[in-house]
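Listed in order, the protein sequences are those of chains A and B. Per the UniProt record's numbering, the very first residue in the first sequence carries number 1; after that it's consecutive. Per the UniProt record's numbering, the very first residue in the second sequence carries number 1; after that it's consecutive.
Since the hints were derived computationally from the structure, they do not count as laboratory data. Computed from a predicted structure; not experimentally measured. Where is the CB? At the ideal position from N, CA and C, for every residue including glycine. Among the hints, a few may not be true.
As a list, the in silico DSS-like pairs of lysine-lysine whose alpha-carbon atoms are at most 25 Å apart [unchecked claim]:
(1) K84/A to K114/B
(2) K36/A to K78/B
(3) K78/B to K60/A
(4) K148/B to K51/A
(5) K84/A to K89/B
Label-pair restraints from in silico Cβ distances [unchecked claim]:
(6) E56/B to D37/A: 42 to 52 Å
(7) D137/B to K51/A: 21 to 31 Å
(8) T40/A to D137/B: 45 to 55 Å
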Amino acid sequence: MPRVAMIRVSPRRYKKGDIVKVKSIIMHPMHTGLTKDKKTGKIIPADYINKVEVYYGDEKITTFDLKGSVSANPFLEFYIKADKKAPLKMVWKDITGDVTEKTIQIKPKG
Amino acid sequence: MNRRKFLKGVAISGVLVAISPKILPNSVARAENKPKKKSFEEAVKEVLGVDASKLEASSDIKLIAPSIAENGAVVPVKVQVNLPIEQVKSIHIFATKNTDPHTLSMFLSPANGKAYLSTRIRLAKTMPVVAVAVLKDGRTIKAEKPIKVTIGGCG
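All chains should be built: construct the whole structure from the sequences, respecting the hints.
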């Protein structure tokens, strides 16, 4: 089941070769496997995102390894060097085998 | 009831009490399901392959976080390495007193342009948070910051 994810680039206008900030967020509860359900009293099984991959063009530029102690709806912010016109793809994988993909276009002006 | 019967009964009930945890699969399954508690030193050894004492404190790496976090479930953390991107291999965050201290690893490449990471983490209680950067020349540098937590976030 794909989840809701968002990627934003700031600033909105950038030139070729600029270093731009990429903000990303995905809706995910990130259960650690330690918390209890308040209604039933049972432990909620672990379910968290453990791998995030970032592709720029054909290249894999960044990998993240996450654990359960990242907050719910994991937010990641990093930089990329916008030196070509290419898609930026992010892939989120969780430990139950759920995969979510999101692609945006990097279009440097000038 | 004579003495012989009584002793037999005691012996049988004793055996039953001893093996009862094995009969109840529910309690066993729950114990296995729970993640094991790790210390900060163990987590560093497992993730980075070096001793925690080998990490050198440096001013090249900066950890930006609030000194008092009201809600432990959402603590904003920023890590900045003031070195050229070609020299930095990866960035790691450890929350020293969480059940699993290893929180996040980021593996960079020169296409990133800047060694920077911002995210939100969970803290179970008041503890120091450690950011570690692994450099291309084999050095590992760290920055540490104690964060006070009013409400824990790991349940």
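Hints, verified against the model:
1. K84/A to K114/B: Distance ~17 Å between K84/A and K114/B Cα, so the pair holds.
2. K36/A to K78/B: Not OK: K36/A and K78/B at ~30 Å, beyond 25 Å, violated.
3. K78/B to K60/A: holds, 23 Å
4. K148/B to K51/A: violated, 29 Å
5. K84/A to K89/B: holds, 23 Å
6. E56/B to D37/A: 42 to 52 Å: Distance hint for E56/B, D37/A holds at roughly 44 Å.
7. D137/B to K51/A: 21 to 31 Å: holds, 27 Å
8. T40/A to D137/B: 45 to 55 Å: holds, 53 Å
In this structure, the hints that do not hold are numbers 2 and 4, in rising order.
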